[in-house]
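Keeping their order, the protein sequence lines are chains Y and G.
Residue numbers for the first sequence follow the working numbering, beginning at 6 and rising by one.
Residue numbers for the second sequence follow the working numbering, beginning at 444 and rising by one.
Hints listed in this document are in silico derivations from the structure and should not be mistaken for laboratory results.
Computed from a prediction, not measured in an experiment: that's the story for all the values here.
Think of the CB as a built atom: it goes at the ideal place given N, C-alpha and C, for glycine as much as any other residue.
Possibly wrong hints are sitting among the right ones.
To give an idea of the chain G side of the interface with chain Y (calculated C-beta under 10 Å), a few residues [what the hints assert, rightly or not]: (1) Leu490; (2) Arg516; (3) Glu561; (4) Glu565.
Take a look at the letters that make up each chain.
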Amino acid sequence: MTQAGTRAELDDELVVAPDTPWVTLVWNDPVNLMSYVSYVFRSYFGHPRAEAERLMLLVHHEGRAVVATGVREEMERHVEAMHDYGLWATLQRADA
Amino acid sequence: MSGARRLRGGRIRVDLTADERELLARLTEQAPAVLASGPADPAVRRLLPDAYRGDDEAAEEFRRFTQEGLVERKLAGAAAIGDAVRGGTIELDPGAALVWVKALTDLRIIIATRLGIENDGEEGLPDPALRGMYDWLGYLQEAVVRAIDR
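Same shape as in the complex, but just chain G (with noise of 0.2 Å):
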């Protein structure tokens, strides 16, 4: 069964089966284009909203300045779920944890546009698959954040 749980010491131990690393690995290995695509594809308006709502100028310039580091720490996040699916036992001090729930919350936000779900409830495009990932990827997340904030 794959869940996470809190170690004694404050690790978090994170248990996956062979699909869901090879799950993990695929859609993490996608964020680099997915997040190259720029802000005409719905997904990377959602990961990197306007920081002004109706100043163009203003959200335009918050970019120019945060663009560069935000985008570099989504892609270092995905890349370190994707090297510890690769690898063995996935031990996470609380910083990778943090770094892990984020890069989490970043993939479900990128399946979440692919499937349409733009508002509360909404089930989205009739896509068994992906919505299963969807909803996968959720549990990970809420049990990793339980793990971390017990």
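Excised from the complex, chain Y in its bound form (with noise of 0.2 Å):
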């Protein structure tokens, strides 16, 4: 069973659809504190404070962390608000 879509939703879907999602990725440095990292994963992108957390501790673990996931323009403006945070950020698509 379905239901047809408005038209709003058919355009969303006609534009986004085709397009391969692409992720935020934000890498450790060795000058960044934990507790800011974690404070611009929650007051920028709004995490909760354990996500914010866990987020944080994988970049510094793991040497990076995918912090978004989207459309390739809304990609760019947080890699951009990350650099204005003075984070070490890139984008690129989800299946790289």
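Hey, can you piece these two chains together into the complex? The hints should help.
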């Protein structure tokens, strides 16, 4: 069973669906304080404290972490924001 | 004792000694020269890193659209600290406190690259004066983050 989507939903699908998702990566660096990185993940992405800490530790121990997934333009905005905060961030296709 | 604390009403009070104010004034004054020095300077490469790894064209395109704004905001942040430390009592609203922690990060990044610190736990070049500044900036940044974030 299915139902017809509204016009807006259909348009969204047309625009978004063919696009492979992109990800924003934050890379470990020797400068940024763990408390600051966790604060950035909470204040910018709105993550709850536990999730922000988990991502921060992932960056610290694994060298990088995916902190956001979505369309390319949105990931570019996130990367620019991370550079504003002084974090080392990049974006790439999710399947790269 | 220098440090930062949250006042009732949410403003952040930053207490600094005269020497510390002088140090921050001198460091923030140098930000424009560093940011103007271009990608040959490792500090600039770290402050404005490639947004795309292994895709120079996309990284260049990203720079074209973002670099001017990023540099402008980083310079404005450094200038805001410089102005504040040349003034009287420092009390920051939440927006100003955010500008401070970002600008303190930029200063720490610049000093870390001058010290040659590239990996976690590295001491870098034996330059006690620079190292002392680096550690103190970390202490101050931590204090401001804690005051914002408690």
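Evaluation of the provided hints:
no., hint, verdict
1, Leu490, "holds, 7 Å"
2, Arg516, "holds, 6 Å"
3, Glu561, "holds, 7 Å"
4, Glu565, "holds, 6 Å"
Checked against the numbered hints given earlier, the structure satisfies every one of them.
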